[in-house]
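Peer 1: Chains as they are written, first to last, in the working numbering: chain A, 1233 to 1577; chain B, 1233 to 1577; chain C, 1233 to 1577; chain D, 1233 to 1577.
Bear in mind the hints are in silico, worked out from the structure with no lab data behind them.
Please note: incorrect hints may appear among the correct ones.
If several chains are the same, the list does not tell them apart, and a pair holds so long as it fits within one copy or across any two.
[Claimed, not checked] In silico DSS-like pairs for lysine-lysine, Cα to Cα no more than 25 angstroms straight-line:
(1) K1346 <-> K1436
(2) K1254 <-> K1501
(3) K1346 <-> K1511
(4) K1254 <-> K1234
(5) K1436 <-> K1511
(6) K1488 <-> K1346
(7) K1294 <-> K1325
(8) K1436 <-> K1488
(9) K1488 <-> K1369
(10) K1480 <-> K1511
(11) K1294 <-> K1234
(12) K1290 <-> K1325
(13) K1499 <-> K1371
(14) K1325 <-> K1369
(15) K1395 <-> K1499
(16) K1480 <-> K1290
Protein chains: 4
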Amino acid sequence: MKAAIIGGTGYGAIELIRILHKHPYLEIGSVVSNSQAGNSISESYPHLSEIIEQPLEKFDAKSLSEKNDVVFLATPSGVSSNLIPQLMEVGIKCIDLSGDFRLRSATEYESWYKHSPADDQYLKQATYGLSEIYPEKIKSAKLIANPGCYPTAASLGLLPILKTSLADYESIIIDAKSGVSGAGRGLSLSSHYAEINENIRAYKLGQHQHIPEIEQVLSDESDRPITITFTTHLVPMTRGIMCTTYVKLVENVTTKEVQEIYSEFYKNKSFVRVRPEGKVPATKEVLGSNFCDIGLHVDTRTNRLTIISVIDNLVKGAAGQAIQNVNLMNGWDEWTGLQDIPLYP
Amino acid sequence: MKAAIIGGTGYGAIELIRILHKHPYLEIGSVVSNSQAGNSISESYPHLSEIIEQPLEKFDAKSLSEKNDVVFLATPSGVSSNLIPQLMEVGIKCIDLSGDFRLRSATEYESWYKHSPADDQYLKQATYGLSEIYPEKIKSAKLIANPGCYPTAASLGLLPILKTSLADYESIIIDAKSGVSGAGRGLSLSSHYAEINENIRAYKLGQHQHIPEIEQVLSDESDRPITITFTTHLVPMTRGIMCTTYVKLVENVTTKEVQEIYSEFYKNKSFVRVRPEGKVPATKEVLGSNFCDIGLHVDTRTNRLTIISVIDNLVKGAAGQAIQNVNLMNGWDEWTGLQDIPLYP
Amino acid sequence: MKAAIIGGTGYGAIELIRILHKHPYLEIGSVVSNSQAGNSISESYPHLSEIIEQPLEKFDAKSLSEKNDVVFLATPSGVSSNLIPQLMEVGIKCIDLSGDFRLRSATEYESWYKHSPADDQYLKQATYGLSEIYPEKIKSAKLIANPGCYPTAASLGLLPILKTSLADYESIIIDAKSGVSGAGRGLSLSSHYAEINENIRAYKLGQHQHIPEIEQVLSDESDRPITITFTTHLVPMTRGIMCTTYVKLVENVTTKEVQEIYSEFYKNKSFVRVRPEGKVPATKEVLGSNFCDIGLHVDTRTNRLTIISVIDNLVKGAAGQAIQNVNLMNGWDEWTGLQDIPLYP
Amino acid sequence: MKAAIIGGTGYGAIELIRILHKHPYLEIGSVVSNSQAGNSISESYPHLSEIIEQPLEKFDAKSLSEKNDVVFLATPSGVSSNLIPQLMEVGIKCIDLSGDFRLRSATEYESWYKHSPADDQYLKQATYGLSEIYPEKIKSAKLIANPGCYPTAASLGLLPILKTSLADYESIIIDAKSGVSGAGRGLSLSSHYAEINENIRAYKLGQHQHIPEIEQVLSDESDRPITITFTTHLVPMTRGIMCTTYVKLVENVTTKEVQEIYSEFYKNKSFVRVRPEGKVPATKEVLGSNFCDIGLHVDTRTNRLTIISVIDNLVKGAAGQAIQNVNLMNGWDEWTGLQDIPLYP
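All chains, full assembly: derive it from the sequences and hints.
Peer 2: Here it is as C-alpha cells:
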C-alpha cells in the first residue's frame, strides 16, 4: 500500500517519512508541497539525502488518489478543511494531523482557532483518532482527525481516573510543558534560538486551541461537561511534552491503588507504559518513539492525585499516532512500523 | 565592611563573590573552604582568574569574626547548623543560605530533611529573610535564614492574593520548574548533561523539603494553616525558576483587578515587577538579576487564578536576596550592588 | 543468532540494545553487568521498560559462549584486554568497542592510555573494524577492534584525499567537536550540566588517546608515517561529532574535482554520503543513524582543502559500526538493522 | 555625558544598554529605532521593564547631536555607511559596531559584503577599534570602526606570536565556533531553535566577511600580506566565541616559552587573561564580561602552536569593546563600567 503526505516541508511530514520508511506494509507514494513542487525534499532536509530523492508534487486530489491508498495531511490549521472535501470526493481515506476536524462544533472551532471551520458535513464524518480509546471507531473510519499533541498526553493521563468515581470533575488542572518542534518550522521570535535557550516561557494562558479538544474528549468519556484549567509552557528542548495534571480525589486512595487502576486500564495497550509506584517518567524516556509513559502520585496531605504523562510530540503526538491509526484501519498490528526503542540518551 | 563566605567552592558562594565584587560598601574578606584550603579559588573556577586570587581559608570562627563584619554560609544542609552557633558565640552576624534555620520546628525539619536539626535556641534567633515581606525584622536580625529558591518565587507570587479575601486557601497548587544549578556543583546522575539535555523530569513528588517552608510563610501571612500541592521539575537550563501557581477564587474578579492588587502590593519594592494584563514573564527576563517578575491570568471559565512568578535561582533565590538582606541590616538602599539589568539574551 | 553485550549499563551497550532490537537476524542473548547483575536494566534505563526486562548477568565466558554467537564489549578501556582472552579461549567472536585492541603496538598503547596494554598475542589477532575500508579483513575476523568515534569521522573524511597524490601529508590538522555522550555515563565535572551548557571547552590538547589510532590508519593507508595535529572540543549537545579537517593541497584542484574524488571513493558505500559542491553536513543530519556525511571546500586563496565529516558518535562511532561489522562477518547486507532515517529535528 | 544608541531593537543595542546602565560617567541619552519609534523598548524586551522606559526615537542627526555626546551604531551592515556621514557632519563622535568602516578598501568591502561600501572620504577617517592594540589612535579618533566578534578573538589570539619571528606566516588556520546571538534577532532557519539545538553546523566556508578584516589587522601588524584559512561554526549556545587557531612554528619552543611571550605582551591589559601552561579557557569563563581569555599549547610532535581564545561575542566582540573604546577616547580607565565578573555557571 502507498501513502501520500501533504505538507511536505513541515516537521510533521518529515516525521511521517521517517516512520513510513521502516513500515513493512506502507510505502511513500507522493509527497506534496505546493511551494516546493518539483524540488527534491532533501534540498530542504539534507538528512534525507540519498534516501528520499523523489520530487515534491503539487496537490491534485485525483492524481493522488490514483497513486496512493491513504493520505496524511500535515498542514497548518485552516488548510485541510479545504483539501479534505476534494480528497473524500475521490474516495481516498484521509488522516488529518491538523486541528481542522477535531472539534465537532464548527462554532467552537471558530471561536478558538479564529478562522473559518470545516464544512459541517465533513466534520460529521470525522473520527477522533485517539488510538487507545477509540480503536473500533478508527477501524472503520474514512476520515481521521488525529489528536493534538497536548490532548494526547493529557487525555491518556486523565481518562483512567475519570472513568472511576474517584475524581472531582471540577478540579482538573493540566500544567503542560513542550519542546519547540511543536510549533513547526515556521519562523517566529518564539522559536528563535537565543530567545528560547536557557529560558522557560508560559504562553496562550487560557486561550490555547487545545483546550476545547481536551474538554471534548474528557466530557465524552465522563458523560458530563468538563471544564479544565490548562497552561502551556515552552521549554528549551526540541521534542517532548510533559503534562503534569492535578485532580482532587473524592475518596482516600493510595498511590498504589491508583497505579493499579492505570495498569489495568492500559494492560493490553502496546504504547502506554505505567511506571511502578515511586517512579515517574521523563520526556527523554520516550524520545523518537510512540510511547506515552505515565507516573502517578497521591499526596495524602491534600488528597490530590498528580499525574505525569509524557510523549514525543512529533510521534505519539502526531506522526506516530497517525500511523498507528492507519495500522488499525487496515487490521495490522497497531505497533507495525512503530516498535522502536526510544533514542536514549 | 567585609564579608566572609563559607562554602567557597559551591555555586552559591561563587554567586556571592560575583555580586560582592560590585558592591560599593561590602568587600570580600575571607572565602572559606575546608576541602580546598590554601588553594586559590580560581583553580576551581577559572572565570575568577586575576580577579579573586586570595587563598581559600579553613573555617575558624574567631579569626573570621576578627577579619569580617558579616558571614554568608553557602553550605549544604546540615552544615551551618553546626557552624552558626560558633559564629554567633563570637558575635558576628550570619546569613545562612542553606535550609538549616528556615523551619521554626526542629521536628518538621527532621521529618523533611532526614537529618538532625539545628539547636532550638538558635532556631529561635533566626529571622526568615524574605526581604519584601519582612524588611523590619531583617533590619534588626543577627541571624538570617535566607529563603529557599522555590519558596521565594512561590511566596512572592502567592502572598498578594492570599492577603485579600479572594483566595480559596485549600486550592493552592504550585507547579515549579527549575534549572539545574539549583542542585549545586556536586556530581549525580541527575546533573549529568546527557541525562538532562533535551529532557524534562519531575522529581521528589510530595517530598520536597521546600514544602514545609512554603507552607510556613503562607500560613504565617494568612493566619491559618495552609497545605499546598507542590511539584518540582528539572528543565534543561542552568539558571532560572518558574512557579506556575493555581488558586481558586471565591469571588468573580478580572485579571485587571488582580493585576492592580499585585501592583499595589509591590509598588515600593525595587525587585518585584508585575507585568501588565496579557503579559507573563519568562525566566530569562530576570537572568543574572535580583528581580522577581510576576504575571497573572484569571480564567473566567473556571474562576481560577494562574500566577507566573520567575526568579534567577542563584540570585533572588540565593546570593542576591542574601545581599539584599545585608543591605537592609545596614540601612543601605536594598538595591545596593544589585541594580544590574538582566543578561539578555 | 544471538549476541551478548558486556558493559550493560553504559551508553554504548544501551545503543547496541536499541539497534539489535530492530535487527532481523541478530537478537539479544545476554546483557552483562557485574555491578548490576540480577537487576533489570530498565531500573537504570526506564526507557527500556516493558521492552528489555531480562536480568543483567555476571560475566562468565563459558556460559556466554553457550548462549550466544557473538559478543560485543562496551566496557571502559582496560577491561576488555582481560576479558577477550577468556572469550577467545572458548571460541566466540568478539567485537570490542573500547580502545584496547586498536593500536598494534602495546608500547604505544601504554604511553597514550597510561595503563597496561592487552597481551601481544591477542593484539595480533585483532582486525581494525573501519567497515568501509577493511570489509574483506572484517569478513574473516574473529576479533574486531571497533574504531573510536573520532578516528571514524576523521579517517573517513581524510582517506579519499590521502589516497590521491594531492595532499601534503605533513599538513593535516583535525579540529574535532563532540557531544557529551562520548564520555559515557560516569560522573565528572566535565559532564555536569551546569558546566557544559552554554559552553565550549577544548580538552586534552595533544594528548588524546585517539591520536595514535588516527595516525595508524592514515599511515597504513598512505604507506608513510603520518603525524597529525588533533584538537578535541566538548560542545553542549548529547550526540554528534564533527571533524573539521584541514589539508594543504600540492596541486591546484577545484572543490568540484575533490567532490568527485570523494563520490567515486564512496560510491558503493551505504553509509557515507558526500554532499554536493557548496553544501556541508551538520551533525544533526545523521542523528541516531549510521551515516557519515562529508562536505568539502577548497579555498583557492590558500590552496587548502577543508573537509567536514559528521557522525553520531554512539552509532557510526560505536554501536552502529559494531553491528555493521557483524553484518559483514556474517555475509549479511552491511545495512541490515541500520537503515533508519536520522531523527530530525 | 550622554550616549545615543542606534539600532535599538537588536541584540547589540540591548547589550550596550545593559552595560551603559552601570557606567558611572556615561548615560543613555537616546535610543533610536525607526521601525519602533514611539514605543517603549520594554515592549520588545520585557527584561528592561521599569528600568528603561523612555520611548524609542526616529533617527535625526541634528537632534541626536544636541542631546548626546557620542553615538553608538548597532545596525546591520549597509546602514551606518549612510548614517555616519550625517552624524559626522553635525560633529558628533561615532562608534560603529557594524562592518561598514572596518575595511580600508572599498573594493574589498564590496567583494565580501556584496553591497555598496561607505564613501572613501569617511573610510579614511575611521580608526579600527581593537582596544588592546591601538589605544593611542583610539584616544584621538572621531569615528571608530569597532572590530567584529571573530576578528577580535582571532587577532588577540594571534598577534603576540606574529610579532615574534617564530611563526610561519603562511600556515595560519582559524577554526572558529560561535553561539547564535552573533547572527542577531532577525528570523532565519539558521536561528530556529529546532534546527540549532543538538547540532553543530559549519557555514560560509571561505566566504565569511570577517576574513578580510582579520587579514587586514594581521597584515598590518606583521608588515607583510597574510592570508588565512578561516572556518566558522554555529554551536548550540547563545553567547560565546572560541577561536582554535593553528600556527606552524619555525623554531623549537616550549609551551611555557610561548605562554611567557603572551603574558608579557598582555601584561598591562585589563581584559586579556593568559592561562598558565596546561590550561585552556572555555567560553563560559568569560560569559557576560569583556574578557578575552587565551590558552596555548605547543605540540612538539608537529611543532605547531594551538591557540585557544574565547570572548563573549556580544561584549568584547561588540558592545563591551565599544564602551572600552569610548573610555579610551575620554581618558577614563579602560575598564570603567566593564569590571564585572563573568556570570558562572
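Peer 1: Each hint needs a verdict: does it hold in this structure or not?
Peer 2: Here is how each hint holds up against the structure:
1. K1346 <-> K1436: within (14 angstroms within a copy, 40 angstroms between copies)
2. K1254 <-> K1501: both (21 angstroms within a copy, 20 angstroms between copies)
3. K1346 <-> K1511: between (41 angstroms within a copy, 20 angstroms between copies)
4. K1254 <-> K1234: both (13 angstroms within a copy, 23 angstroms between copies)
5. K1436 <-> K1511: Answer is between; shortest inter-copy Cα gap is 10 angstroms, intra-copy 31 angstroms.
6. K1488 <-> K1346: Between copies only: 24 angstroms across, 44 angstroms inside.
7. K1294 <-> K1325: Cα proximity of K1294 and K1325: one copy only (13 angstroms, versus 56 angstroms across).
8. K1436 <-> K1488: between (35 angstroms within a copy, 17 angstroms between copies)
9. K1488 <-> K1369: Cα proximity of K1488 and K1369: none, with 32 angstroms in one copy and 45 angstroms across.
10. K1480 <-> K1511: within (20 angstroms within a copy, 29 angstroms between copies)
11. K1294 <-> K1234: within (15 angstroms within a copy, 49 angstroms between copies)
12. K1290 <-> K1325: within (19 angstroms within a copy, 53 angstroms between copies)
13. K1499 <-> K1371: Intra 20 angstroms, inter 45 angstroms, cutoff 25 angstroms: intra-copy only.
14. K1325 <-> K1369: within (14 angstroms within a copy, 51 angstroms between copies)
15. K1395 <-> K1499: within (15 angstroms within a copy, 48 angstroms between copies)
16. K1480 <-> K1290: neither (51 angstroms within a copy, 46 angstroms between copies)
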